[in-house]
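Peer 1: Protein sequences appear in the order of chains W and B.
Each residue of the first sequence is one higher than the one before, counting from 1 in the numbering used here.
Each residue of the second sequence is one higher than the one before, counting from 1 in the numbering used here.
If you are wondering where the hints come from, they were derived from the structure by calculation, not from laboratory data.
Hints may be right or wrong, so weigh each one.
Taking lysine-lysine and the DSS-like style, the derived pairs with C-alpha atoms no more than 30 Å apart in a straight line are [as the list claims (entries may be wrong)]: (1) K226(B) - K209(W); (2) K179(W) - K226(B); (3) K310(B) - K179(W); (4) K2(B) - K14(B); (5) K334(B) - K179(W); (6) K167(B) - K179(W); (7) K2(B) - K334(B); (8) K209(W) - K404(B); (9) K123(W) - K334(B); (10) K104(B) - K14(B); (11) K123(W) - K167(B); (12) K14(B) - K459(B); (13) K226(B) - K123(W).
The structure presented is a predicted model; accordingly, all values stated were derived computationally and were not measured.
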Amino acid sequence: MAESFRPETPDQLRDAVAWAVAEEIPLEIMCAGSKRSMGRPSNAERRLDVSALRGITLYEPEELVLSAGPGTPLADIEQTLAERRQQLPFEPPDLGPLLGGAAGAGTLGGAIACNLSGPRRLKAGASRDHFLGFSAVSGRGEAFKSGGRVVKNVTGYDLSKLMCGSWGTLGVMTLLTVKVLPAPESIRTVLLFGHGPAEAGAAMTAAMKTPYEVSGVAHLPAGLAAGSAVSHVSGAGRAVTAIRVEGPSPSVAYRCAALRSQLGALVETEELHSRNSVRFWSELRDVSPFAAAGDARCVWRISVPPKSGAQVMQRLIAGTGGEAYLDWGGGLIWLTVDAPVDAMHETVRAAIAAPGGHATLIRAPEPVRAAVPVFQPPEPGVARLLRGVKESFDPRGVLNPGRMYAEL
Amino acid sequence: MKMPEPDAAVIARKDEIAAALRGIVPGEGVIVNDDELRPYESDGLTAYRQPPLIVVLPETTAQVSRILRYCHDNGVKVVPRGAGTSLSGGALPLRDGIVLGLGKFNRILDVDYDNRCAVVQPGVTNLAISNAVGEEGFYYAPDPSSQIACTIGGNIAENSGGVHCLKYGLTTNNVLGLELVLIDGEIVRIGGPHLDAEGYDLLGLLTGSEGLLGVVTEVTVRILPKPETARALLVGFPSSEDAGACVAGVIGAGIIPGGMEMMDRPAIHAAEDFVHAGYPLDVEALLIVELDGPESEVDYLIGRVEEIAKANNAVGLRISQSEEERVRFWAGRKAAFPAVGRISPDYYCMDGTIPRGRLPEVLSRMAALSQQYGLRVANVFHAGDGNLHPLILYDANEPGELEKAEEFGADILRLCVEVGGVLTGEHGVGVEKRDLMPAMFTEADLQQQQRVKCAFDPKSLLNPGKVFPTLHRCAELGRVHIHRGQQRFPDIPRF
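Based on the sequences and whatever the hints tell you, model everything.
Peer 2: Structure below.
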């Protein structure tokens, strides 16, 4: 069992990293560990557990800003925000059950470090778009900060963007500040039943081009729709294309009606209201269709130009024999494949070569994640920049080495 | 403002450098004569001027690549330039460096409505993108007030905002991909019509990097369907406290307006005298709140904002009843800068951001500073996101007034930082705020930023002298300082 440091203050954390730098001892950076089985496996001998740096240090609802330690559970933050009718706009997923762990274990540090965003990403932006500033310790053992607590800020490089999605390989964050937004007064979802992939793709593209500010556009083939806990979806017996609308009540009612009349001419439609709507989009967000207990198939998260999504999905299903569904208006494909040796990574990446995009192996046995490129391999020019950036923060490679790419 | 010491050896090689550049860019794309260099001597921050050694205006990415490779191999500094509208001196030339102008990169390459994106060259103006997609009912959301002139390449460099960014985000939230030429001539592509490029978020890093990391030669932006309608409220208040409370009340009620702008008494009077927008003159603060979306939503929210404004002592509240009236409400705000230009020989535009709740305090301390310096100040304010634009009025022909205005401005920005805000919300650091950076950042913070620069530009040839108050050599920044023989930190809990 690896030895674990669990600093209780930012100073202790800095001391621990400074020691690791001096001794050139790699550290595995961890919060709650709910995403430990995502990414390339760590082979660091020692663990730096930042879960003790927790708690909300600033929340000003009228300023739309919240600061908290990295170990702060997302559940705590979401509850605090909900009390003031606000939310994290990027809808961070809870991938615990998908990864074989508990639900509700994720932290703010983990969500930001992995740049994970839910279905609202297509309207509200990703976690990186709501990450305003941070304090951290670099792989030089130095405390530094970037950004601030205001939304509009161009003072110096936007290092928050680099930290977000860096998987703990650039710095260990000790405090994070995010932008929050009001929760919508009303949420509804228009369901279109029975579309095949091509028709679904066309309907999703059409929905994205309306002025109705759709905040979720997804498509579940019949087999996956059947597994939903929402009866309107599971009982449909057909594929379900879903379009979410959020906002003030009169506006939501108007926009749902408009979408149904524009997109529902040829198929049967239905509407999900508040609670069913929330439950349905949580299922998509948390990849529940592939999270059943005992399901050990490999899971890919694939980002493509939205219009290509339906076609790429069909090609992937045909090529792998797996199952898949679409989110982000077609721009996000969740795919599961029964391929315990190589996760069919060549087939998957070949399928997105033409439209462009990237594929990330989210769930796979450890040996597969060690052998197969988990993240999309970068072009050589970009790879050189990534190495340069890594070296600028962590020249001795002590922070989560190899967690994203073998050479980083 | 101290710029890096010009390299006399490079200046002496001007003819040789010009000849090499002519080998890359044929025709009239290389400018060497003093009178033809003059138009490039400053950008929108005209207090600083410096003609460059040479201006080169390439037309293709391959030319940009060859120019940068030449400069890299020959130790020639490069200042990239779009339309030259920077308000922070981001495109201020160097005596021993070339200006790389991207004005000829002015084509819209592709509009992909199905994927809601457009691929454009960096010299395309911000407004031209919205105009190109307008007929299909789309627009590009960030709208800096210079949008008729400023280019998307410059918007990337500065991470430009505008009045709509509270709801729709800054440039960084609306860019999907870039083609970038590195200082050694390598061409790299980042992102595209898909979301969230993998690896570190280089797209996010490059946006707002002020031309210090690379030269952008192609941009993919997100375009959005236009809202069905927009209406605005024009509301006066007897005090800035009341106006501030109204803004907080609107957001506290869960409403994110498309735009929410505030002006103080001097700005209201200057604007009204200039464009006769019908602004009330007996108020201390004026708010313009714009709601956009479907008509049913806009009507509903207008009603709620009206209630909140009335509860905060609103006077002379008006709601636009037509598109023409909405545009008239905005006319004064949009003309605020030239309006102030009419009542003073010169003005100096500042750009701090503060937590919104601190506005009354900041305004009253700014009034005290105004007394102290003996210079008037007018305020326009992106109230929704806390971005202040104090306009300091001065007369450059009065000896010492420019310096006094600059000191006043620096005090305002330090005040912004003191209350939890930042030095610049959307205009960039450039040369203007470079030496104030230590008010916000420690030496360790700044060194980490410069190390990132070293990863892109180890010889520090791209736009040197901007953003960072102290230039360090990359070799020096790269050293790791080790304190060996330390205890193994017995006070850190371990398992």
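Peer 1: Starting from K167(B), check that the Cα of K179(W) is at most 30 Å away, please.
Peer 2: The given pair, whose Cα atoms are some 12 Å apart, holds under the 30 Å limit.
Peer 1: Could you grab the alpha-carbon distance between K226(B) and K123(W) and see if it respects the 30 Å cut-off?
Peer 2: 14 Å, holds
Peer 1: Is K310(B) close enough to K179(W), meaning Cα to Cα at most 30 Å?
Peer 2: 28 Å, holds
Peer 1: Given the hint that K2(B) pairs with K334(B), does the C-alpha gap stay at or below 30 Å?
Peer 2: Cα-Cα ~34 Å, so violated.
Peer 1: K14(B) and K459(B): Cα distance at most 30 Å?
Peer 2: 20 Å, holds
Peer 1: Is the straight-line distance between the alpha-carbon of K104(B) and that of K14(B) 30 Å or less?
Peer 2: Since the Cα atoms of K104(B) and K14(B) sit roughly 23 Å apart, the hinted pair holds (cutoff 30 Å).
Peer 1: Would you mind confirming whether the straight-line C-alpha gap from K334(B) to K179(W) stays at or under 30 Å?
Peer 2: 27 Å, holds
Peer 1: Against the 30 Å threshold, does the CA-CA distance of K226(B) and K209(W) hold or violate the hint?
Peer 2: 10 Å, holds
Peer 1: Is K123(W) within 30 Å of K334(B), Cα to Cα?
Peer 2: Holds, because 28 Å separates the two Cα atoms, which is no more than 30 Å.
Peer 1: Mind checking the alpha carbons of K2(B) and K14(B) for me, to see if they're no more than 30 Å apart?
Peer 2: Roughly 23 Å between the alpha carbons, so the hint for K2(B) and K14(B) holds.
Peer 1: Please verify whether K209(W) and K404(B) have alpha carbons no more than 30 Å apart.
Peer 2: 52 Å, violated
Peer 1: Taken at face value, is the distance from the CA of K226(B) to the CA of K179(W) at most 30 Å?
Peer 2: 25 Å, holds
Checked against the numbered hints listed earlier, the structure breaks hints 7 and 8; every other hint is satisfied.
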